[in-house]
Structure formats: structure tokens, C-alpha cells
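Visitor: Work out the full structure, taking the sequences as your base and the hints as a guide.
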Amino acid sequence: MTQLIPAPPSQNEYQPSPQQQSIEQQLLVRCMLLLGFALQVITIETGMSQKRIRLMRKDLIDNGYYVSLSRRTYRSTQTILEDHAGKLHASLFLEIYKNLGEITSPGEGVGVGSSINIDALLRAYRLYYVVLQEIPPSPSMALDKSLNVNDAWLLAREYRSGERLPDLWHSLESELEAITSQGSLIEIEEADEEPIAPFPQRSQFSPPTQHRFDQTAKQQNLLQQLTARFLLLAGFITQVVTIESGLSQKQIRSMRQELAQGKYKVRLNRRTCRTSRTIIESQAGKLHASLFMTIYSNLGRLDEIAGAPSITTSINIDVLLKAYGLYSVLLQEMPETNLVSWGNWLSISDAWSLARELRATEASIFTCGTCKTGYFESVNQDTLIDCPYCMGLLPSSSRVLESVDIDEEVA
Amino acid sequence: MIADSLDMMQRLDAAAMAAQACEPDPNLKHFDHQLWRLIYKVGQTHPKVAAQTFSLSPATVELICDRPEEDMQVLASGALLSFTTLATPQQITAALNANIDPGIFFEDGGQHDADLAYWNLMARCGYRDPLKSTQTFGVERSVIDAVTNSTDAHLRHLAKTVQEGFKLRFDEALIPDILNNRTLTMAHITRFIQSLGGRVK
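Each protein sequence line maps, in turn, to chains A and B.
Numbered according to numbering that gives the first Met the number 0, the first sequence terminates at residue 410, and the numbering increases by one at each position without gaps.
Numbered according to numbering that gives the first Met the number 0, the second sequence terminates at residue 200, and the numbering increases by one at each position without gaps.
Errors might be hidden in some of the hints.
Stated by the list, open to error - Derived BS3-like pairs: lysine-lysine, alpha-carbon spacing no greater than 30 Å straight-line: (1) A:Lys371 / B:Lys166; (2) B:Lys166 / B:Lys28; (3) A:Lys144 / A:Lys86; (4) B:Lys166 / B:Lys47; (5) B:Lys28 / A:Lys371.
Hints are computed from structural coordinates only; laboratory data are not their basis.
As the structure is a prediction and not an experimental result, all values here were calculated from the model.
Guide: This is the structure we're talking about:
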């Protein structure tokens, strides 16, 4: 059933193809724009031209994202460290960055000669930002002198290049001691201070609506490629990936081949989707379909309440993946059996196919009049069984016809 | 290059492959097992209390107590908890929105460990995947969100003030079949489908 077997991750062997590098570059630029980095910083880190970055920024703004119109260049170190408050802010941030850098890159750190660790940098900046809000107001730690992400990046770069930054940590400690001796934490919480916001707030990161698909062409292309890659790795067959991503079969095959040549081992699978006709041809098939579709419809209904489109109008891939995960876990929980038909678990593409039938109103979830349990029923299914729960587990599909009263079923 | 340290593509790849690499949660399995063992232990001396706390019939409690304690493992699930809380969303929300003094809990700690473990487990699972947790615990999304977003002190307050007991999520008539069969029967499947709310009341 599993189509993809991830090889042991190895950073050294990881050599992305030019196409993948391009996707990563676009993703990175998009991420950095949303985080508020200056154009110059993004250019240095990604190698993309400022013109293209501006176009991507315009795309984001047109689609309702908040992108700060920050200055084109970053401040110089001299500007940041021009006074005592600036030096304190820089020392505080760098201390956090150094510590997190040691944790995220053990043995290497983020010091002289190493590269900027953007992961550690962003985490350090967030922690620095939280610490600032905990510190009571003080002229020495003036909030209007706080660093923005570009300042943080510059300090990290200077630190990496070995430039000597003023070591004011000891003075910061004495400053903090003086501040904390002034009042309790409760008083700090109640202090009515103007909030500082050098970093975009959570709501500003979010798109205006949860399921929005009216992206511009560039975004659409990026999204298509990401979707295709995601679905391939999730185990979907080419036909499903083609339908969901909108890319051609040739492009998908090429992407699959690229994945197979990289660090992922991709197993070839069948080209076309099964339907209920081949999935539900016995009681076991119907039980599998009913179990999965019960989870899918439960989660789909909850996601619909949260604003997602109904699963009867479109396939919700996110919910499908979650439902398939839970379905897989439930199967692992069940005791072993020697029933051959039960071993024919749904693949993730089978699950997609059933969801498509539900959306196309070719299938529905009926409630049994006897046991009051919901079961999946499709017009394409190849079995006469109605409710699969109202009888014991049948040993094989050939016995189904013997045990079911056909006249009663037809009636 | 900055992308090397962000690993965005690899994170997406890992998320994609996670769909096919799901396994039962050992935390859920252990907790569910503990609840069944609690029924077994309490049922030995106070069967009425066990029946009342877990909304079971006296006959079912007797049946469970007559089995070896090791059999409780068979009833435990690492995917869908066997029991759900009887507390209403309103009770839970009210407790989580109450004004509390976090300090007082050091005075009477340890008395509501089972309840606290339940809410902590819900918070942990809800943080990871709130949507799936609704199925795991058999509660509404609003409850998962409220528990996930609350503080530890509020969860302790919830465990202390709201003790409505639990109810089985599937028909207790299925228990003998599950206990007596080590191979797959319809009872095993029906148990899960009923836990998922597939049965109309």
C-alpha cells in the first residue's frame, strides 16, 4: 500500500535539482517578505533580483496579505549601536541567538566562519521580542530602540564575519537586576504600556480567507508545483495529482522521476484510479469504505463549520489526509485476521476516489434502519450487501451471495 | 544560502509523508488502559462507584472484574479513547474562563490526577491536531480549542471543579466479544464506528 519509502535523511547527500531550487527560492522570498525583511536582505540571501522580489511583493499585497513596506536597505551597525539602549538591545538579541545557534547546530554554532542560521535567527528574534514585553519600562532599554528583523539579521551577519561587537552583556545584567528589583511580575502585567510591534502580528501573516484560490499566475504556478510535490510524496497516483494540481501528466512524471532520483524512493504505481466498482466488491471492502468515509465526513463537517467548503462540493485534501491517517491507525489497532479480503486496505488514492464519488453525488452515507449505523453506499459498488455491520464478518466474497437474501436486498 | 537552514521544502516533504506513517499514540493507549484498569480496581471493592463514574451497568463492571487484569489491555485503544467526558462544553468553558489564583493548587495537589491527566492529554493532542482530536476524544471542536489554549493552572482548576465522570463511547454489549476474541470480529469494527459517532441515537 505504501508507495513511497523515505530514505534515511542525510543533509550532505541532499542536492536539489534546478527546478526544486527555483521553488525553494520562491518560497524563501515569499517567507522573508511576510516576515518583513528588507529588499536588500532578501536579495543577498536568495540571489533573486530586486525587480522580481518587488513583483512577488505586489502579488502578495494584491492577494490581501500584509507585507510591510520596509525600506530598501537595512540600517548600518553604527546606527543600531549608536547609543546605550541600542547596544543593550543588540547584546540581548545576540546572546539569545548564540545560545539557540549552539543548540540547533551543535558543535558548529553561529560564530565566525559559519553561515547565518535563519531558523535560529527567527526563533531568537521571537524570544527577544517576548523578553522585551516582560521587561518593565526603562530609559536604558527604550522600546523605540528595539531591533527589527533586518537589524537582527545584520547583527547575526556581523557576528558571523567576526566583527567585534561591544560586549555589553554584563551591563545588561546589572540593568536587568536594577529593573526587576523595582516591582513584581503582577505589576509588570498590569503596566499600561504601548505595545511594540516590530514584527508582524499573527493575524497579519494569515491570508484574508482560509480557502482562497484566486492567486495571480506566478503564485498559481508555485502553488501547483508545491501541491503536486506534496501529493506525490503523500502517495497519490499520477492521475489524482494531475487533477488536483492542474499540471500535465508529463510534468508530474518528470517530478516523480526527480523525486525518485533524489533522496526519496518512489515506487511506481498504477496509472488510473480505482472506483467503488473495484473497491467495494465484498463486505470487507464496504466496511473499509464505510469506516474511512465516516471519519472523512465527520472531519469535513467540522472543517466546514470552521469556514472550509463542504465536502459535497469539493474534495478537502487536508481533511482527507487527516482522515486517512486516523483510518490507518484504527486498522493497526484491530486484531489480526486470516480473512484475505480484509487485508485489502484502502490506498490513499482509493480514499480520494471515494471522496470524489461523494462530491459527485454518486455515493452517500446511509443509516441502517436496523442497527442505526451509518454506512457508505455507492451507485458504482459491486456488491449486494446493504449494511455491512448487520452480519458477522464473512469469510470470503463468494460466501456473501450465499448468505444474503437477494430478494430482501432488492426489496 | 539561507534556505539550507530553513529546510522549508524538507518540512513540507515530511508533512506529506506523515499521512502514510501514522501510528497509534502510546500516550492515548496508556491513558485508556489506565481507565480500564481503574474500573477493574475500583470495581473489585466498590462496583457501584465504578459503574456510576463510568456510566456502565453493574453487569458490565462485574464482567470486567471477573477477568484477569491483563485483559484490560485488549480494551485499550491508542487511536480513539474508549471514554468521553460527561461534562458539557458550557461547564468546561466556564471553568477555563474563571478567575483563579494559580498558587492555591500547590496546597491540594495530587487529588485529581486522573482528571488532570485527561485534560492535559487533550491539550497535548489538540495542540498537535485539533481537528483529529475531536474524533480521538469524542468532544466538540470548541472544547478542544478551549482546552488547548488554556493555561496549566486553568486545566488544574478544570480538573478540580468539573468532575462529571465518563461514559463509554460504544455499546457495552460489545465488551464480551472484544474480550473473548483475539482475532478480528465485527465487534472490533463496530466499536470504532460507534466511537466515531457513526450510530444514530
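Visitor: Can you name, in rising order, the numbers of the hints this structure does not satisfy?
Guide: Per hint list: zero violations.
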